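K.L.:
Using the hints provided, position chain F relative to the given structure of chain S.
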Amino acid sequence: MSSLAKPLICAAAFALALASAPARSADVTVRDAAGRSVSIRDASRIVSIGGAVTEILYALGLDDRIVAVDATSLFPPQALRTKANVGYLRQLSPEGVLGLAPSLVLAAEGAGPKEAIAVLETASVPYVRVPDRFTGEGIVEKVRLIAVATGAMERGDCLAARIAADLAALETLRARIRAPVKVMFVLSLAGGRAMIAGRNTAADGIIRLAGAQNAISEFEGYKLVNEEAIAAASPDVVLAMERDGLKLGADEVLAGPGFNLTPAAARKAFISMEGQYLLGFGPRTARAARDLVHALDPDIAGRLPSETDARACAG
Amino acid sequence: MIARGSVTRPPLWLVFCSLLGLLFGASLVSTMIGAAGIPLPRLAAALGLGTAGDAVALARDELVLWSIRLPRIALGAMIGAMLAAAGVVMQGVFRNPLADPALVGVSSGAALAAALTIVAGDRFLTAGIVSVRVEILPVAAFAGALAATIALYRLATAHGRTSIAIFLLGGIAIAALVNACIGLLVFVSDDRQLRDLTFWMLGSFAGATWVKVLAVLPFFAGILALFPAMARGLDPLILGEAEAFHMGVAVERLKRISIAAVALAVGAAVSVSGIIGFVGIVVPHLLRMIVGPGHRALLPGSALLGAAMTLAADAIARTLAAPAELPIGVVTAAIGAPFFLVLLLRQRSLVAL
Chain S
1 MSSLAKPLIC AAAFALALAS APARSADVTV RDAAGRSVSI RDASRIVSIG
51 GAVTEILYAL GLDDRIVAVD ATSLFPPQAL RTKANVGYLR QLSPEGVLGL
101 APSLVLAAEG AGPKEAIAVL ETASVPYVRV PDRFTGEGIV EKVRLIAVAT
151 GAMERGDCLA ARIAADLAAL ETLRARIRAP VKVMFVLSLA GGRAMIAGRN
201 TAADGIIRLA GAQNAISEFE GYKLVNEEAI AAASPDVVLA MERDGLKLGA
251 DEVLAGPGFN LTPAAARKAF ISMEGQYLLG FGPRTARAAR DLVHALDPDI
301 AGRLPSETDA RACAG
Chain F
1001 MIARGSVTRP PLWLVFCSLL GLLFGASLVS TMIGAAGIPL PRLAAALGLG
1051 TAGDAVALAR DELVLWSIRL PRIALGAMIG AMLAAAGVVM QGVFRNPLAD
1101 PALVGVSSGA ALAAALTIVA GDRFLTAGIV SVRVEILPVA AFAGALAATI
1151 ALYRLATAHG RTSIAIFLLG GIAIAALVNA CIGLLVFVSD DRQLRDLTFW
1201 MLGSFAGATW VKVLAVLPFF AGILALFPAM ARGLDPLILG EAEAFHMGVA
1251 VERLKRISIA AVALAVGAAV SVSGIIGFVG IVVPHLLRMI VGPGHRALLP
1301 GSALLGAAMT LAADAIARTL AAPAELPIGV VTAAIGAPFF LVLLLRQRSL
1351 VAL
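Protein chains in written order, with the working numbering: chain S, 1 to 315; chain F, 1001 to 1353.
Chain S on its own, in the form it takes in the complex (with noise of 0.2 Å):
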C-alpha cells in the first residue's frame, strides 16, 4: 500500500504545484485566436511571426523589444535587416524559435507547420495566435490583441482609433463608386496556368474592402482554374501583386488563354500593387485599398487621416 501513496502523493503535488503556477506569475492574460488563454508576465523580447504583425509592432514604436521577425515581415524593410530571421511562417522551427529566449512570441494564425505550433504553445514561452481575418474590423481586433499582449494599451488604443479613422474615411469614398467592378486576383501565372484567388483569402478581402466584386466566388482560397471559365466569369480589371520587385507583366497575363476574352483585356484593365502592401492587413491596409479604389476609378481620390504621421501612436 505504502509503495502505491508514495507515487500517487508526488503526483498529486506536481498537479497542485502546476495549477497554481499560472495564477500566480501572470500579469496579463489574453484570449488569442485560438480560444486559449495566455498568460504574459514580461513581454521584453518579441520574437515577431507575419508581415502584419511586425507591421503593428512597429506602428506601435514597439521595435526595439522584437528579437527576431519571420521572412514575411517585409515591411517595413529595416525589419527583416535588422533582426534575427526565424524563416519562412509556414516554415517554422521551435528550437529556432526558443532558442533566441523570447518572452513572448506573437503568431499570425498562418503560421506553421502544426508540430512546430504545437511544441511552441507546450513550451513555458507564452504563444500568442494573432487572428487573420480579411476584413478591416480584422485589423482593429488584431492591433487590440497585439497591445493587450504587449502592455501597450495607450498606444494601441491610438493606433486602432487611427485605423478605424482610415476606413471610415474609406467608407466614404467606397460611397462614391457607381457600379462595382468585378475584379480577379491572379496569384501566378506558371506555364501559362492561372492561380487565382477565390473566396476567403486576402486578395478578395481587400477586393471588397476597396469596394469592388472578386470575379471568381465559387471556392475558396488560391486554385488553378480554367481558362474558360476565367472568359465566363468575365472580370473588368486584372490584379496582380508583385514582390521583390518581381511583377507579372500586364501583356503577358491579359494575353492568356481565356484572359485574352474578358473585358480586363479589352480595356487593358491590368493593376499591379506591392505584395504585402495590398495583402498584408496590417496598418497601411486602408491605404491599400484606397489605392486600388483609386486605380479602379480614376475619378475617386482623396486622403486618409493616417497619411500626415505615420508613427504618430509610436509613442
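What the hints contain is simulated information worked out from the structure, not anything from laboratory work. Values in this document were obtained by computation on a predicted structure and should not be read as measured data. Hints should not be assumed to be uniformly reliable.
To be clear about the criterion: a stretch of chain F counts as covered by chain S if any three or more of its residues have a C-beta under 8 Å from a C-beta of chain S, and this derived list gives those stretches [as the list claims (entries may be wrong)]:
id, region
1, 1035-1042
2, 1056-1065
3, 1202-1210
4, 1322-1336
Label pairs and their in silico Cβ distance ranges [said to hold, decoys possible]:
id, chain 1, residue 1, chain 2, residue 2, range
5, F, Met1032, S, Arg176, 55 to 63 Å
6, S, Thr82, F, Val1056, 34 to 42 Å
7, F, Arg1348, S, Ala255, 34 to 42 Å
8, F, Leu1341, S, Pro76, 52 to 60 Å
9, S, Gly112, F, Glu1135, 29 to 37 Å
Ideal Cβ placement from N, Cα and C applies to all residues, glycine included.
P.N.:
Frame of chain S; chain F shown alone:
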C-alpha cells in the same frame, strides 16, 4: 508473356474501329462540355456548321471554342497518344511490365528543372526577362528532361552496349537524387511557389494554346513515324536481347532509337502539361489484354486509346470542380488505378507476368 492458344481475340479491324470511335466520342464530348457552357445549336454555329441568330454570343462562342477548347483537345489527344505509345515502347525495350516513360529519367529531369524555374526563377530572373517567364518554364522542363535522359544513357552505355539493368537502376538513383533536390526547393519555397510546384507535378492541360500544339506536333509526328520500325524490332526483343540479335534485329540501334524517341516525346509532353501519370502503364496493359503482345497492333492501338482516355480524363478535370481545375494526374490515377486492378484480377490467368 501470354498464353496465346487459350484465348480468342477480337478481330483487329473491330478493335481499331472501336478505338477510333472511342477517340471520336471523347473528342466530341470534350468539344461540347466546358466551364463556359455553350449550348449545342450555338456550338454547331461556332464550329461553322450552321447559322446562329445572336452575333455577339456567336463571336464569344467562337473565341472560347477556337482559342481555348480546341487547342486543349488537340494538345490532350497528342500528349495522351505519346504517353501511351511511349509506355508500350518502354515496356518492350525494358522487357518489364512495370516500365513506364518516367524510367528514362525524363519526368525527374523535367520536374527538377521546373521546380528550379518556379522557385529560383523568381529570385534570379531580372525584370527584363520577366515578360517571357511564361515560356521559360516549358523550355526549361524540356531541357531538364533531355539532360536527365542523356546522363542516364551515358551511365548505362559502355563499349557501345547499353545495359538495360543499369539504365533501370540508374533511373531509380537519379529519381531519388532529383527528389532530394526538389525537397530542398520545396523547403525554401513560399506558399505561392509551393502551390505552383505541386500543381505542376500533378499535371494539367490548363494554359493550352495553338503555339503549344504546334510546338508538340513535330515530336508527335516523330514518334508516330517511328512506329513501324520500332514494332518490327520490339516483337523479337520479347524473347531476349541475344535472341533478337540472332534474329537479325540491330538491338543496340533499336534501344538507342527507342530511348531517344521516348525521351523526346515524353519530354515535350511533360514540358507543356506537367507530369501525367498512369496513362503510360494502364493503356498499354489494357490493350495488351485485348490485342495481345504484338507491337504492330499494340503501338497504334495504345496511341488511340491513350488519346481517348486522356481526353476523357481532361474533360472530367476541367468540369468537375469548375471554375477551378482538378489536376489531370489526379483524375488519371483515380480512374485508371481501380479500373486497371479490376481488369488485372479478372484476367489473372491471361497476364502471366
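K.L.:
Tell me the numbers of any earlier hints that the structure contravenes, in ascending order.
P.N.:
As far as the earlier hints go, 5, 6, 7 are violated by this structure, in ascending order.
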